[in-house]
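Novice: This is what each chain is made of:
2 protein chains.
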Amino acid sequence: MARNAHPEVTERRILEAARDLFVEKGYEKTTVQNIVDRLGDLSKGAIYHHFKSKEAILDRLNSADWDYSQGLRDQIMAREDLTGLDKLRALFTLAVSNTEHNKLNQAALPMLNDPVCLANNMHFWTADLPEHWLPIIEQGVADGSIPTEYPREAAELIALLTNYWLLPMFYPASSASLRHRVQCIAAMMSAIGVPVFDDKLIEQTTDFYASFDSE
Amino acid sequence: MARNAHPEVTERRILEAARDLFVEKGYEKTTVQNIVDRLGDLSKGAIYHHFKSKEAILDRLNSADWDYSQGLRDQIMAREDLTGLDKLRALFTLAVSNTEHNKLNQAALPMLNDPVCLANNMHFWTADLPEHWLPIIEQGVADGSIPTEYPREAAELIALLTNYWLLPMFYPASSASLRHRVQCIAAMMSAIGVPVFDDKLIEQTTDFYASFDSE
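So the protein lines, in turn, are chains A and B.
Quick note: the first sequence, position 153, residue 153 per UniProt numbering, numbers continuous.
Quick note: the second sequence, position 42, residue 42 per UniProt numbering, numbers continuous.
So that you can see chain A by itself, here it is in the shape it has in the complex:
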């Protein structure tokens, strides 16, 4: 059949439509029928031919998102004009910017009310995400810009605290109390020799997480 001649084109269209709907309506409120309606020329069966469930669509989007984040990190890591600390700040600044792919992550947050989704995310934040930050911190240790005795601990804490402790869905907070929380992280990270949060990044991080609450 013609529509299966280029399955990767169909899959990309499904993923883009689903991503747009997850951003607009949230993950939980989006149905496979909504994706059918948005695309206009595919049946529900055709979508299930490519993805066994709505969750499978999100999994594919997440792994693409992770590839994208790793790609950004690799680009920044390759720059020879930046210290480790500069790179850590640059990458963290991207992590708290209102990019399209961060908006998608944000739209998927209500999923964390589901225990299985929460357990999966905790595992990701605990086991995988620290490995994303660690090479940058280690470069900073080597070039002297991040004078820490705690590179692994810092990587684990950045992953855990900025993804779990800063989320207002877990720890409800006004914008002012979120800023106080970010300042607390900044003071603690500086104390262990990882001064990633300057005043500008404190404000940007606060604004980013505060925007989650009003959604």
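Calculated directly from the structure, the hints in this document are not laboratory data.
Don't take each hint at face value.
Quick list of in silico lysine to any residue cross-link-like pairs, SDA-like style, CA-CA up to 25 Å [as the list claims (entries may be wrong)]:
no., chain 1, residue 1, chain 2, residue 2
1, A, K25, A, L104
2, A, K200, B, T148
3, B, K200, A, R152
4, B, K54, A, P115
5, A, K200, B, G193
6, A, K54, B, D114
7, A, K54, B, A119
8, A, K54, B, V116
9, B, K29, A, A119
10, A, K103, A, L15
11, A, K200, B, R152
12, B, K29, A, P115
13, A, K200, B, A191
14, A, K200, B, E149
15, B, K200, A, E149
16, B, K200, A, T148
17, A, K200, A, L167
18, A, K44, A, E11
19, A, K29, B, A119
20, A, K29, B, V116
21, A, K52, B, P115
22, B, K54, A, V116
23, B, K52, A, P115
What follows is a list of derived Cβ distance ranges for each label pair [what the hints assert, rightly or not]:
no., chain 1, residue 1, chain 2, residue 2, range
24, B, D86, A, D199, 34 to 44 Å
25, B, K200, A, K52, 53 to 63 Å
26, A, P172, B, D86, 26 to 36 Å
27, B, V9, A, G26, 47 to 57 Å
The beta-carbon is built from N, C-alpha and C at its ideal position, and this holds for glycine as well.
We have chain A; now place chain B onto it with these hints.
Specialist: Same frame as chain A, but now just chain B:
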């Protein structure tokens, strides 16, 4: 029937037998039949008359355990010879001692591999446990022994980091790397004006969490 004349006596016997078995065999490997066998004079039906499931027995043990922890806190809070910092250290020292009730908590740790149990515990560590630590920290702020601008943040971090980040089941660690992690918490808490971890408490905390791994 005679055995129901004093249901609280029967319930206490069931709870004590279950607690002993959870400590000896672990929660997952204990069956209701094991509890029947241990007690000798009660049928499985009689146990289900008092508790609808093994999980209900654990829930009751946990709430009794929490009442016990709150009782200890209230006793320590009532002492007029101690500063807030002394009280925080005294209570944290009890929290990392090999008491009977800590052994029970430890025996129940494999439950956290279950997503629903993990989600329940994360909620407890996030929403409830900080309220346990906060009044002590606030007293330390008032009497000058805990010179922090971050009392709530410190209560949340103690609850999250010492219950999640220090557990080797989530973040595998040798005894040496656990000590390094506790030293990292000590440095960060001191930096925000909450110098709860002195050298003695660093060693005791390390030994306590390191013992979890070999079980």
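Novice: Now tell me, hint by hint, if it's right for this structure.
Specialist: So, going through the hints one by one against the coordinates:
1. A/K25 x A/L104: This hinted pair holds, its Cα atoms lying about 11 Å apart.
2. A/K200 x B/T148: holds, 23 Å
3. B/K200 x A/R152: holds, 24 Å
4. B/K54 x A/P115: holds, 20 Å
5. A/K200 x B/G193: Since the Cα atoms of A/K200 and B/G193 sit roughly 24 Å apart, the hinted pair holds (cutoff 25 Å).
6. A/K54 x B/D114: This hinted pair holds, its Cα atoms lying about 23 Å apart.
7. A/K54 x B/A119: holds, 23 Å
8. A/K54 x B/V116: Between A/K54 and B/V116 the Cα gap is close to 22 Å, so the pair holds against 25 Å.
9. B/K29 x A/A119: Holds: B/K29 and A/A119 sit about 22 Å apart, inside 25 Å.
10. A/K103 x A/L15: Holds. A/K103 to A/L15 sits at ~15 Å (cutoff 25 Å).
11. A/K200 x B/R152: holds, 24 Å
12. B/K29 x A/P115: Answer holds: B/K29 to A/P115 is near 23 Å, not above 25 Å.
13. A/K200 x B/A191: holds, 21 Å
14. A/K200 x B/E149: holds, 21 Å
15. B/K200 x A/E149: holds, 21 Å
16. B/K200 x A/T148: holds, 23 Å
17. A/K200 x A/L167: Roughly 20 Å separates the two Cα atoms, so the pair holds.
18. A/K44 x A/E11: holds, 13 Å
19. A/K29 x B/A119: Given that 25 Å is the threshold and the Cα spacing comes to 22 Å, the pair holds.
20. A/K29 x B/V116: holds, 23 Å
21. A/K52 x B/P115: Holds, at about 23 Å.
22. B/K54 x A/V116: Since the Cα atoms of B/K54 and A/V116 sit roughly 22 Å apart, the hinted pair holds (cutoff 25 Å).
23. B/K52 x A/P115: holds, 23 Å
24. B/D86 x A/D199: 34 to 44 Å: holds, 36 Å
25. B/K200 x A/K52: 53 to 63 Å: holds, 55 Å
26. A/P172 x B/D86: 26 to 36 Å: holds, 31 Å
27. B/V9 x A/G26: 47 to 57 Å: Since the Cβ atoms of B/V9 and A/G26 sit about 52 Å apart, the hinted range of 47 to 57 Å holds.
When each numbered hint is compared with the structure, no violation occurs for any of them.
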